[in-house]
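Undergrad: Single-letter residue listing:
Protein chains: 2
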Amino acid sequence: MKFSGKVEKCGLSPMRKFHPYAVAAEAKGRNIYHLNIGQPDIETPKAYFDAVRHFELPVLAYAPSPGMPVLIDAIQKYYDKLNMHFEKSEILITNGGSEALQIVLQCILDDGDEILIPEPFYPNYNTMVLTCGAVIHPIPTSPEEGYHYADRQKIEREINEHTRAIMCTNPGNPTGSVLTPEEMRMMVDVAKAHDLFIIGDEAYREFVYAGEPLQSLGEFADAAENVVVIDTVSKRFSACGARVGCLITRNKELLAQAMKYCQARLSVATLDQVASAALYDVGPEYFAAVRDEYKRRRDTVVKKLQEIPGVICKCPKGAFYIMAALPVDNADTFQKWLLEEFEDKGDTVMFAPGEPFYATPGKGRNEVRIAYVLKQADLERAMELLALGIKKYNETH
Amino acid sequence: MKFSGKVEKCGLSPMRKFHPYAVAAEAKGRNIYHLNIGQPDIETPKAYFDAVRHFELPVLAYAPSPGMPVLIDAIQKYYDKLNMHFEKSEILITNGGSEALQIVLQCILDDGDEILIPEPFYPNYNTMVLTCGAVIHPIPTSPEEGYHYADRQKIEREINEHTRAIMCTNPGNPTGSVLTPEEMRMMVDVAKAHDLFIIGDEAYREFVYAGEPLQSLGEFADAAENVVVIDTVSKRFSACGARVGCLITRNKELLAQAMKYCQARLSVATLDQVASAALYDVGPEYFAAVRDEYKRRRDTVVKKLQEIPGVICKCPKGAFYIMAALPVDNADTFQKWLLEEFEDKGDTVMFAPGEPFYATPGKGRNEVRIAYVLKQADLERAMELLALGIKKYNETH
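If you're matching them up, the sequences are chains A and B in order.
Quick note, in this note's numbering, the first sequence goes up one by one and the last residue is 397.
Quick note, in this note's numbering, the second sequence goes up one by one and the last residue is 397.
Honestly, the hints are just simulated from the structure, not real lab data.
Fair warning: this is a prediction, and the values are worked out from it, not measured in the lab.
C-beta: ideal position from N, C-alpha, C; glycine also.
One should not assume that every hint holds.
What the hints assert, rightly or not - Listed next, the stretches of chain B that the computed footprint assigns to chain A, with coverage defined by at least 3 CB atoms under 8 Å from CB atoms of chain A:
(1) 214-223
(2) 229-241
(3) 248-259
(4) 263-271
(5) 359-370
The task is simple: from the sequences and hints, build the whole structure.
TA: Have a look at this one:
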């Protein structure tokens, strides 16, 4: 049977690629410290489960295609508090930030189009873009420069007649980089100057560690036609399993096109929308505590990483990821070896090898993404295992 | 800004098109009988809400991309009881049947490809197919023949070098038609002979009213490479708002391609999967009661419809829809008139005009889809309003 040429170009998730090796290692009795996936261990606010328990309607009916009013209201108020005003009709509820991304990309990308994305980037962007018949055109960065990409010349150099949009994850996954207000302004200006969409995947908005106020591309009301904001409750409230996100834009035509997709898939899960609305009542003390916890974790991991000879790693300012270059020939081979041959007192460690985070062939081969989603003591032990592993691996390879 | 040529070809849902007119009519104090959408009024089994209330994990985490084992197990057992065996790896959990359809179509359709679908068909198929760059090639039917499409010659006549798949909703939406076992065998044979996928959207499997055993394309294990079954808890358990469905196939390559999409959107909502698994413990007495209720409703609507002079309507055998040709010039104009000008004791009625259910231009113009999802007495009143409306409309047009 013949398959779509578009889907054939896509690959599986690099975060899940080593799952079979992990299962085999665990079968041998190994204890694995998982730094490979962005699943936080922070408790979901009780408000979510309370709302679900109090749902009393006898029929679990379809929600409206653009989302339930109670949730749209809650999100509108959340943005109002951040001094960004959106009309209710400018907020479309989606199955997580992932579906919001899929919808906006399907609406704006045609066969042969290009979208500019700084690399390294979240690997699922590849599947989302390739299935539109388009390709990711990377904005190059380097570990030595802390993966900095917000440079006007650097970006404009990559724009051509096929470019339709610029997309960035801010705060960054996998790099943890955070744009300054001036850099955001510049990116928006570039988009306006070249008549491009600028898509901000802002799933990690609350996760910034230098005391800076929460920022968003949504602030640039002068670029109403260009700006698209992708948001989600997944990381903000440690509610990844809710699959509730949203697509926000002031571009009326984009909203009209996106509605076609929203209607074709009918609606987002009803209970999860009701419960997600309740999450928005969580107070600022919740975020302050979560932020403190992640900051401590980041500091631990960065300190330990920088102590390992040959590791290149600048301290990231946000999200809960660190991208680092390791002194190994190939992070993929190294990860496989860590699961198949290495152990220290029965323990080993898992991260996400860096190559699939790049569009440029060969780049990222000695890099890894580390998700610091474990408790303090576990992170320390995991970094110890990484240091030991690098030493042993290089002795035997 | 430029948009994707594919999304520009799509339209909005015809079921939701008259929503603004309905809002205006209600503002004038009109009471509307809604027969336009397939939202059942049957209560969702308590098991769903009980499972949700008993969820005790502190973190609402991502579910595995292919689905949660507890739900996959429940679905596997449900099929085993129907004498169809699928491996767990052959069942992928999706965001409703809608996402299962989107995934399979994205996997198999390329630009310029065609998919054969009997018309009238579920209008969202249009968006799903057009966004793949493909088109629906209709298998023609007529109201006079009860929308019968399962005729080998009729189907083979439409197959050409661009055809990639045959898709049917069985029991049918919007027609309520049900394939006989012999017809299903024939359709599968056609797919095998022409090396095509055959996709069965079987959302309404339980809704058959002549005492026949539940049937599925999944029974044809000899066509393992060809058959894809789309399933959902939406209608089976009146749980449309759960957004839990599945894609089932024995075709290993299709499963591998589909997994790329599943991973790119991460997972389906966790709580809804746990709760949907609990639904599968509901006993056969639940289905028997629901089936009896819908059968009574169908009989009421058909009897009333056939009493209206000039209506063409054969009694459908399944689902909860009836497609009928009305003695009006244009069902769209008629619907608008019913909402804007007609009333009887303050009441009016809404259905889905037929044209958007067709791919052939001009077809279905005097047809409507009626969803019999209201209580007996309300259905009788709704049919009375339809009869009165037709009479008055034709006197004034």
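Undergrad: Against this structure, judge whether each hint is valid.
TA: Hint check:
{"no.": "1", "hint": "214-223", "result": "violated (count 0)"}
{"no.": "2", "hint": "229-241", "result": "holds (count 4)"}
{"no.": "3", "hint": "248-259", "result": "holds (count 5)"}
{"no.": "4", "hint": "263-271", "result": "holds (count 9)"}
{"no.": "5", "hint": "359-370", "result": "violated (count 0)"}
Consistency note: the structure conflicts with the earlier hints numbered 1 and 5.
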